[in-house]
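Undergrad: Listed below are the residues making up each chain.
4 protein chains.
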Amino acid sequence: MIQVGIIGGAGYTAGELIRLLINHPKAEINFVYSTSNAGNKISSVHQDLLGDLDMKFTDTVNPKVDVLFLCLGHGNSVKFLSANTFSDNTKIIDLGNDFRLENDKVFQEKTFVYGLPELQRDAIKKANYIANPGCFATTIQLALLPLAQQNLLSNDVHINAVTGATGAGTSLSDTSHFPWRDNNFSYYKPFTHQHLGEITQSVKQLQNSFGSEILFMPNRGNFSRGIFATLYTNFEGTLNEAKDMFKAFYKDAKFTFVSDEVLHLKQVVNTNKCLIHLHKHNNKLLVTSITDNLLKGASGQAIQNMNLMFGLEETTGLQLKATYF
Amino acid sequence: MIQVGIIGGAGYTAGELIRLLINHPKAEINFVYSTSNAGNKISSVHQDLLGDLDMKFTDTVNPKVDVLFLCLGHGNSVKFLSANTFSDNTKIIDLGNDFRLENDKVFQEKTFVYGLPELQRDAIKKANYIANPGCFATTIQLALLPLAQQNLLSNDVHINAVTGATGAGTSLSDTSHFPWRDNNFSYYKPFTHQHLGEITQSVKQLQNSFGSEILFMPNRGNFSRGIFATLYTNFEGTLNEAKDMFKAFYKDAKFTFVSDEVLHLKQVVNTNKCLIHLHKHNNKLLVTSITDNLLKGASGQAIQNMNLMFGLEETTGLQLKATYF
Amino acid sequence: MIQVGIIGGAGYTAGELIRLLINHPKAEINFVYSTSNAGNKISSVHQDLLGDLDMKFTDTVNPKVDVLFLCLGHGNSVKFLSANTFSDNTKIIDLGNDFRLENDKVFQEKTFVYGLPELQRDAIKKANYIANPGCFATTIQLALLPLAQQNLLSNDVHINAVTGATGAGTSLSDTSHFPWRDNNFSYYKPFTHQHLGEITQSVKQLQNSFGSEILFMPNRGNFSRGIFATLYTNFEGTLNEAKDMFKAFYKDAKFTFVSDEVLHLKQVVNTNKCLIHLHKHNNKLLVTSITDNLLKGASGQAIQNMNLMFGLEETTGLQLKATYF
Amino acid sequence: MIQVGIIGGAGYTAGELIRLLINHPKAEINFVYSTSNAGNKISSVHQDLLGDLDMKFTDTVNPKVDVLFLCLGHGNSVKFLSANTFSDNTKIIDLGNDFRLENDKVFQEKTFVYGLPELQRDAIKKANYIANPGCFATTIQLALLPLAQQNLLSNDVHINAVTGATGAGTSLSDTSHFPWRDNNFSYYKPFTHQHLGEITQSVKQLQNSFGSEILFMPNRGNFSRGIFATLYTNFEGTLNEAKDMFKAFYKDAKFTFVSDEVLHLKQVVNTNKCLIHLHKHNNKLLVTSITDNLLKGASGQAIQNMNLMFGLEETTGLQLKATYF
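Protein chains in written order, with our numbering: chain B, 1 to 325; chain Z, 1 to 325; chain E, 1 to 325; chain C, 1 to 325.
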């Protein structure tokens, strides 16, 4: 069994990793590190795990685990790896944004590979260190990459996306206070969301000539899980040509599917899927892309990367029952 | 007291009119017409009115009321007015979309004035027949008209807006079934919503030269009331110039205000207000506009129009306590 | 105009008082005291008030206002009145629980009258100092008092009630964090809620012999506003006898009504009403009682008390448009 | 592989069975019968299944399947079995309420065993025909049976429970219309819910002397999934004695656990678990019991029964990732 260590164990993405790993047939949780909760039962924080898991949080790491997941606030992965040493054989998957960009990808002689399987499955298989993509970044890239691969992104891209409240994490805040958030809607960081860097980097990896603008409006929805993204840009081909292109791009994808029907967010909640729908209006191609921000947008994709890195079937432990309601 | 008749009394907009009129100091409900509910207490349908109102629905109209509100499905106002005759002194306010467009505005020798007070307060004051604007149309126009007035809409306009479930009316439907809608998100009628006609018409009324595209994505949110719209377009001026322009345009507006702070939807729920916020990013001006779809987007604006038509203070009966939570 | 001062201006109940008072025809806000927000616009905290109110929070009180509302955490009214002196002519309405019980009602030679109008309208009219009832306490008492008045509470009373998240106030907490609260349900303080004291006191005021148990289960619902309470106890009479008794008890009530139809919570949201429904099953009488916890359960009832104390029509400024959706 | 047929394939419980069976390692869906949807893809109705399943609904049954799940409206299982013949080797699990009560349990020479594993695991293992318990019935029985087994139910039992909107099924209705249900709360069938029959029958199976009343108030919550039930009754022992008794009763249970901490509903959503918490107040024992109404309350328990009937490990295919948020 693959021995797994989790750092930052009290947050949402760590919780999701634990939920996935307790049912993963080839991996085993070795330790869950949380300084603030050390000594407490994991199920005292992730309370749905009662009956599933007796393990406690620890403040001691096992430096010899096979794989380490970093579930830390942005900037803290660098700090953690500077202060703690692991075996050279320990693979690392960082769920933060410390190593995602070209300029950040080498740290302590480790080279982090950007972990979007649909873009670079082969590189991931060979990687020892993975920078797991952001949630908005995953959802939006999967809507753009088939176009980029064909060098068809020649105009501005207009993106509007809504995320659930888990996207803002476990920290209490005014905009996650129930009386505020319930039945409310708002936006944040208009046109400047930090995931734009990853998105642009991946688009240029496929379409080096890309020089248009990506205009991205992120919104806060009054739901807990999921990202619903729509984007449009100029596209001269027919709708069928677009569908064929997307289906070809995703023909080997295990979790990304093109839907002929219009989508709604709950189709993917509590799954590792990304569903994509295409619509043509005059010369615009409208692409809808939906994911669960905590799974395909974070911990599910991290396990998918782990599976690839360890030579397992990509879907191992990720065939999840959707909630749907 | 102004005697009021309401046609189509069982729907949401009629319910809102009744809620407003029972506290209106200058108007009195004369009858509420609903063929399907005739003989039943109004409070058996609009159940919050228990204790406020003993009146019953009727299937007989009083043709001599001072003002008639038509709260019918689209297309049915024409049918109703064809089948029923009212006094020449009866003013009519149609909440449907039958008379909003230039080509539809004359019917039975009646000329309907488009009832957006911020655009044509003076014409409304003199009007006997009002076509009350649509909810998306109101929210979006109020974000565009100050720019149109200055002939500054010279590029495509990108609009994303989310509406609550009341926007789809009282008819039961799959996409308003609670287990589907709860914690969900979806879009409908991409780029082709029927309110585009009104919006374009009003923009051209102020900026005849307007020839760019309006790209409008309407979405279904998992809340009950309100519209949250964001739009952006090219704008060469500064943010302060934009603010000055919008504040000047709305200096006499009783319900439309420019906010220096970022907005969230619940600021306007259960009020007749439209709040607007401006943000500049590079050469793009981002305008946020929020309303309660049933009030400023429908019944509240209808009462506002009635007030203007009858020479009352525009805010009469519309100084509402916001719900906020 | 009655000059009003509000202490503790940043909380939910103060916000509701402000929303009510800006439209109250006989009262005027003189100052809103908040040490943490002094100098900031009131609309920067209560953000729906943009366009309604330009006033700022202050940290200075005007000791000569006609009426003072205390919107402080429990225990803090005593502290505040110990540290601040007001005119002898200043009436005080405390929305906290410092003066509600017989043992607490005299403070600094001021005698606080328990401000439930349905129970003691006449005493309130003559009072200078009011202890405004708790939200659960109001909702539950209004379901029990007609029985107590007839000395008919002879067995245990079983109460289950659900409150919205505003009931827990503005302080951020784990159980008001949106990802936790959304689509969730839980209980707290089983059988020991602090409002039991008030409830028992009022019941005994009408039925001195009352010696049975009141078993009260308070729950947290995943909505923002409102209390839905059901209670049952033995009752030997018929349903019609019960209805007659309740209707007689509330024949002069301005906001409490008996519904012949089954109730649902949103009938009272954003109103000052309490609706009551009766149902008989074998020898049990089931009483449903619903209120908006922030209005009839707090700030609305406080204004109702103010109206009575100043000789105004009880409903002044309280004829509110229900939200309903 | 166990060949499975599903009758009534378009409803919620059938959808959940399909979601469970596509990942079940020992069973395979042979056909999904739905007359109204015959010929359509299953993923056109259960739209989260896109990418998981290409099968279509059929209006033809395969009479030789190993097990048949009936997901029909109450009363329709009898009709269906009267009109259709299956192999003598076909086991049947009815998710409706046609065969749950002693008087109904023999039909066409088939004897249906009440399928609550915690009560009669051994009988289920030997059964060919199962009457799967109701959702409220499961949740409430699991809170009562340990007491009944010890003959400790000697007084009235007071139950309050809230269910999500999926409990009302896929049929559109006023009380499941989003603008009504959102942020609302209500009750239905006070003291007369149809599951009382099952509950009483099981209690008497363990405690034949039981003669007290079960007072059950069912409520509609504004969430989609789950049942949160609290009940209390007289109990003379200590809290620890109660805990020991419950833990002993459930020591072999695979999905029912006693929590030392207070519960909240989302701990069990999208799992097959029942969590139970005990609290003592004076002479009352308060028992909280929570389940997912569609899983432990319906389809999950049906699969659990299938596993037992076919000699599989009870948890096969039921180790589900909780949604939690």
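Be careful, since some hints might not be right.
[Claimed, not checked] Now the in silico label distances, taken between C-beta atoms and shown as ranges:
# : chain 1 : residue 1 : chain 2 : residue 2 : range
1 : B       : D59       : E       : D174      : 18 to 26 angstroms
2 : B       : S36       : C       : K26       : 40 to 48 angstroms
3 : B       : G39       : Z       : Q319      : 41 to 49 angstroms
Keep in mind the hints are simulated off the structure, nothing from the lab.
Nothing here was measured: the structure is a model prediction, and the numbers come from that model.
By construction, the Cβ of each residue, glycine as well, lies at the ideal position given by its N, Cα and C atoms.
Undergrad: Starting from the range 40 to 48 angstroms, see whether the pair S36(B) and K26(C) falls in it by beta-carbon distance.
TA: holds, 42 angstroms
Undergrad: Taking 41 to 49 angstroms as the hint, is the beta-carbon distance of G39(B) and Q319(Z) inside that range?
TA: Roughly 57 angstroms apart at Cβ, these two residues miss the hinted range, so it is violated.
Undergrad: Could you tell me whether the CB distance from D59(B) to D174(E) stays inside 18 to 26 angstroms?
TA: For D59(B) and D174(E) the Cβ distance comes to about 22 angstroms; the hint holds.
Going down the numbered hints, you'll see the structure goes against just number 3.
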